[in-house]
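Visitor: Go ahead and model the full structure; you've got the sequences and the hints to work with.
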Amino acid sequence: MGTDKINYFDLIYQVVREIPRGRVTSYGAIAHYLGLKSGARMVGYAMNAAHTMTDVPAQRVVNRQGLLTGKHHFETSTQMQELLEADGISVENDQIKNFETVFWDPEKELGL
DNA sequence: CCATTGACATAGT
DNA sequence: TACTATGCCAATG
-6 MGTDKINYFD LIYQVVREIP RGRVTSYGAI AHYLGLKSGA RMVGYAMNAA HTMTDVPAQR
54 VVNRQGLLTG KHHFETSTQM QELLEADGIS VENDQIKNFE TVFWDPEKEL GL
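In terms of this note's numbering, the first sequence is residues -6 to 105.
Simulated from the structure, these hints should not be mistaken for laboratory data. In this text, all values refer to a predicted model and were calculated from it rather than measured experimentally. One or more hints might be untrue.
Listed next, the in silico DSS-like pairs over lysine-lysine satisfying Cα-Cα at most 27 Å (straight line) [said to hold, decoys possible]:
1. 30 - 101
2. 64 - 30
3. 64 - 90
4. 101 - 90
Beta-carbon label-pair distances, calculated as ranges [what the hints assert, rightly or not]:
5. 45 - 70: 15 to 25 Å
6. 31 - 81: 26 to 36 Å
7. 14 - 88: 13 to 23 Å
8. 69 - 28: 30 to 40 Å
Glycine is no exception: its CB is placed at the ideal position from the N, C-alpha and C atoms.
Guide: The following block contains the structure:
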């Protein structure tokens, strides 16, 4: 199969698509779930390429602090926050409120 | 082909 | 507590 181009990116996209509405996850959580020893850098980089993907809610993926570090990569600087608020997530000063409450752990929700 | 950068995370100082 | 250094893979120039 010459199409074994499945990189970490596709795996990351599939996990991000599974994030339920009103929840968020972190780069490290996805990386750890996929077993990416590469750290969380791959996840963040995959999100950068996810711009062409409409099925990848990258706004639901934030850093370990629950901070919208990637808001700058959206159409507008507020697009990310607007999308999160539309999902029912409260955001203030680029920081997700009750981050631990809305946090979605793939290992726990999808089952390890 | 080599060097630099990037939406992170952890450990060490 | 804050800052620095390192790891990791892929994309870009």
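Visitor: Now look at each hint and say whether the structure bears it out.
Guide: Evaluation of the provided hints:
no.	hint	result
1	30 - 101	holds (19 Å)
2	64 - 30	holds (25 Å)
3	64 - 90	holds (16 Å)
4	101 - 90	holds (21 Å)
5	45 - 70: 15 to 25 Å	holds (20 Å)
6	31 - 81: 26 to 36 Å	holds (32 Å)
7	14 - 88: 13 to 23 Å	holds (20 Å)
8	69 - 28: 30 to 40 Å	holds (35 Å)
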